[in-house]
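The whole structure should be built from the sequences, with the hints applied where relevant.
The sequence shown maps to residues -30 to -1, 1 to 421 in mature numbering (1 follows the signal peptide of the UniProt record, and there is no 0).
Read the hints as simulated data drawn from the structure, not as lab findings.
One or more of the hints may lead you astray.
[To be verified] No farther apart than 25 Å at their CA atoms in a straight line, the calculated lysine-lysine pairs in the DSS-like style are these:
1. Lys269 - Lys21
2. Lys174 - Lys191
3. Lys301 - Lys400
4. Lys168 - Lys191
5. Lys269 - Lys305
6. Lys175 - Lys191
7. Lys305 - Lys400
8. Lys191 - Lys20
[Said to hold, decoys possible] Simulated DEER-style distance windows between Cβ atoms:
9. Asp51 - Glu164: 42 to 52 Å
10. Asp258 - Pro67: 23 to 33 Å
11. Lys400 - Ser19: 51 to 61 Å
12. Ala68 - Phe248: 41 to 51 Å
13. Phe248 - Lys20: 50 to 60 Å
Each residue gets a CB set at the ideal place from its N, CA and C atoms; glycine is no exception.
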Amino acid sequence: MLRLEPSHRPEGHRPGLLPLLLALLGTTWAGVQPLQLQEQQVPMPEVLSKKESFLLVSLHNRLRSRVHPPAANMQRMDWSDSLAWQAQARAALCGAPAPSPASVPRAARHVGWNAQLLPAGSATFVHVVGLWFSEGRQYSHAAAECAPNATCARYTQLVWATSSQLGCGRHLCSGAQGELEAFVCAYSPGGNWEVNGKTIVPYKKGAWCSLCTASVSGCFKAWDHAGGLCEVPRNPCRMSCRNHGHLNVSTCHCHCPPGYTGRYCQVRCSVRCVHGRFREEECSCVCDVGFGGAQCATKVRFPFHTCDLRIDGDCFTVSSEADTYYGAKMKCQGKGGVLAQIESQKVQDILAFYLGRLETTNEVTDSDFETRNFWIGLTYKSAKDSFRWTTGEHQSFTSFAFGQPDNQGFGNCVELQASAAFNWNDQRCKTRNRYICQFAREHISRWDPGH
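Here's what the structure looks like:
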């Protein structure tokens, strides 16, 4: 079993000997005692100037386009004023401990951090970012590890493929160690996720832009870039709705009349749910906790087995057999769970890494597979004009592969596609795939083990 937890890196730094250059120029948070600011200190501007913020985001994108080996899924970064304010506040701590994760809002917990303390006036912010990128000389992408007695955590965060928002701040600090300057950058979504104490690779190796997801299927390359970066595309709708459905041109989805469902309103859709609720747009039941089956009429127990993965308290199991989408849904529901709901980049990154490693093992010998893909609990709901999770929740996070979804009304169910680095693909629901069940932390806590 793999136990998955966020990397313990409060400032994007791991213990280890720093390169000689960093030893001469400065240190990280971990190398100094918290500094006391002098009341007479002249305050720095609260945020970076527009010129400096433009230079920093441009530098990040240029460096991200120069990684080796080339990155197939590296996203272009955009500046975030919100992250810049957070970074400025973190820099003002001057090395003092940051708020504990429990006191930080849930959304902010997926922010990654890079930080540096240097003698005041010894370096510009552009130089500092260059120092972080230089850590990559000590990093092996093939082995997914840093050289002994070296640190690479700031490099891996800087080139984390799915980090697409950036904000930075700096602050002058005074204390017993003299005048120092704090440099901090915040990245969202964060990176440096760990599996069994080891950080996974920051990006997928391959031809530039060859594994961009659907939401960032464009390929951006500036004049000074070595390779391309995935960015938001600008493509018009190329579809029509059947059975008198109405096309929403802003979302490229169909509004279906009563009695029809599917991406193109092509499916004619009725079920009595004993212990659950009926979802008209999916023509099926969502069962109450403790019940399963097509009509939620069967009392089931939570399977207290060993989870294949644990991510933030949730339990994930990967099937060894294949089934259709709705067959897989019933299998998970029969065990008291649901098909996996991937609602953050963190969960997507970790599942993709785990499934990629699973492909190279011989743990499963079942040959009853049409593909090497895995069902998750996402389907297109024409009545809602969007993809929705099995529980009915709106899909806010997305990781569709380049050119997806594209199955023209016949692929209303979503799979993790092996050939696209386990990004999402819409597929015919009758396809037989393996599948991933999820038992949410709050779901498990509501279970009644006495029945």
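Hints and how they fare:
1. Straight-line distance between C-alpha atoms of Lys269 and Lys21 comes to about 63 Å, which puts the hinted pair past the 25 Å bound.
2. For the hint pairing Lys174 with Lys191, the CA-to-CA distance comes to about 18 Å; that is within 25 Å, so the pair holds.
3. With a C-alpha separation of about 15 Å, the suggested pair Lys301 and Lys400 falls inside the 25 Å cut-off, and the hint holds.
4. Between the alpha carbons of Lys168 and Lys191 the distance comes to roughly 32 Å, so the proposed pair goes past 25 Å and is violated.
5. Of the supplied pair hints, the one linking Lys269 and Lys305 holds, its CA atoms being roughly 10 Å apart against a limit of 25 Å.
6. For the proposed pair Lys175 and Lys191, the alpha carbon gap of about 18 Å is at most 25 Å, so the pair holds.
7. At roughly 21 Å between alpha-carbon atoms, Lys305 and Lys400 fall within 25 Å of each other, so this suggested pair holds.
8. Restraint check for Lys191 and Lys20: the C-alpha separation of about 22 Å stays at or below 25 Å, so the hint holds.
9. Separation of Asp51 from Glu164 is about 30 Å and departs from the stated range, judged on CB atoms against 42 to 52 Å.
10. As the Cβ distance of Asp258 to Pro67 is approximately 43 Å, the hint placing it in 23 to 33 Å is violated.
11. For Lys400 paired with Ser19, a C-beta distance near 57 Å keeps the hint of 51 to 61 Å intact.
12. About 47 Å separates the C-beta atoms of Ala68 and Phe248, a value consistent with the hinted range of 41 to 51 Å.
13. Checking the proposed 50 to 60 Å range against Phe248 and Lys20 shows it holds: the Cβ atoms sit about 53 Å from each other.
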